[in-house]
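Engineer: The chain contents come next:
Number of protein chains: 2
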Amino acid sequence: MNQRDIKRIQKMLQNRDAMVASVNEAGFPETKAMFLRQIDDVHIFWFSSNVSARSTGQWAKNPKASVYLVDAKSVTGVLFTGTMRVHEDAETKKAFWKVTDLQYYSQGPSDPDYCMLEFIAEHVRVYHWGVDQKEYTIEAFQEALRS
Amino acid sequence: MNQRDIKRIQKMLQNRDAMVASVNEAGFPETKAMFLRQIDDVHIFWFSSNVSARSTGQWAKNPKASVYLVDAKSVTGVLFTGTMRVHEDAETKKAFWKVTDLQYYSQGPSDPDYCMLEFIAEHVRVYHWGVDQKEYTIEAFQEALRS
Chain A
1 MNQRDIKRIQ KMLQNRDAMV ASVNEAGFPE TKAMFLRQID DVHIFWFSSN
51 VSARSTGQWA KNPKASVYLV DAKSVTGVLF TGTMRVHEDA ETKKAFWKVT
101 DLQYYSQGPS DPDYCMLEFI AEHVRVYHWG VDQKEYTIEA FQEALRS
Chain B
1001 MNQRDIKRIQ KMLQNRDAMV ASVNEAGFPE TKAMFLRQID DVHIFWFSSN
1051 VSARSTGQWA KNPKASVYLV DAKSVTGVLF TGTMRVHEDA ETKKAFWKVT
1101 DLQYYSQGPS DPDYCMLEFI AEHVRVYHWG VDQKEYTIEA FQEALRS
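In order, the protein sequences belong to chains A and B.
1 is the number of the first residue of the first sequence in our numbering; add one for each residue after it.
1001 is the number of the first residue of the second sequence in our numbering; add one for each residue after it.
Check before you lean on any hint, since a few could be wrong.
Simulated pairs of lysine-lysine, DSSO-like, Cα-Cα distance not exceeding 30 Å [unchecked claim]:
#, chain 1, residue 1, chain 2, residue 2
1, B, 1064, A, 61
2, A, 64, B, 1061
3, A, 11, B, 1073
4, A, 134, B, 1011
5, A, 73, B, 1011
6, A, 61, B, 1134
Hints are computed from structural coordinates only; laboratory data are not their basis.
Model the full structure from these sequences, guided by the hints.
Structural biologist: Here it is, written out as structure tokens:
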């Protein structure tokens, strides 16, 4: 990966705007804009969500997911495919809780409709102009982004 | 649909930036930014693409697709699910050809790597803040957007 790509992707990860996709019960893909809450090791992405949300229910049944980051200016895209795990346990919910979450989950960290989503990437592809693409192993991607 | 939503969605359709999703052979959803070439009847979306593109091959095998339009400012999203058809015939390719396409398909309208993609929406959902959502029939959506 060249230095220009590395800088762009580091910025995209900082922006934290992600397009997250699930597969619905009829087998159709569904994309949704979500805000990245936390990134671990450049390949584990955390999101907060509602248990009642359509996508949460889809991932509970079929964990296959993707996270897509895109920079419109340079038309650079990074597509991660992997699995999404829904966490409804008190410990995980408390660990990520912030006071500002009250606007979404009025009952606080124990709100039964609040959950955390953990996406673990298995593959990553970097696209230029939507066509030219290169696949990296998670290890090679981590290595490049850490440099 | 209220007047504010109608105006927002009309603007989103004019912007023509779309997040288009496919399902890969392993069953994982994949999202990709694409530019909407033409919109027919507020539910048929045309894109130009490469026959050799990863997503084109995925739709040729599994036509299940979605088109997602999103306005980051108002966090309004419109998700269309439906099917993607790959057109490689000379007639369709000629009908959509523009001189500026030469930068992508150097051999002109008969370039064997140039194809047109036709997405026909079957369902449409309007999201606010990623959570609150309402489903419309294609007919009701067309009616609202034409008004």
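Engineer: Now tell me, hint by hint, if it's right for this structure.
Structural biologist: Verification of the supplied hints:
1. 1064/B <-> 61/A: holds, 19 Å
2. 64/A <-> 1061/B: holds, 18 Å
3. 11/A <-> 1073/B: Within the cut-off at roughly 20 Å; holds.
4. 134/A <-> 1011/B: violated, 33 Å
5. 73/A <-> 1011/B: This hinted pair holds, its Cα atoms lying about 20 Å apart.
6. 61/A <-> 1134/B: The given pair, whose Cα atoms are some 22 Å apart, holds under the 30 Å limit.
Of the numbered hints stated above, the single one contradicted by the structure is hint 4.
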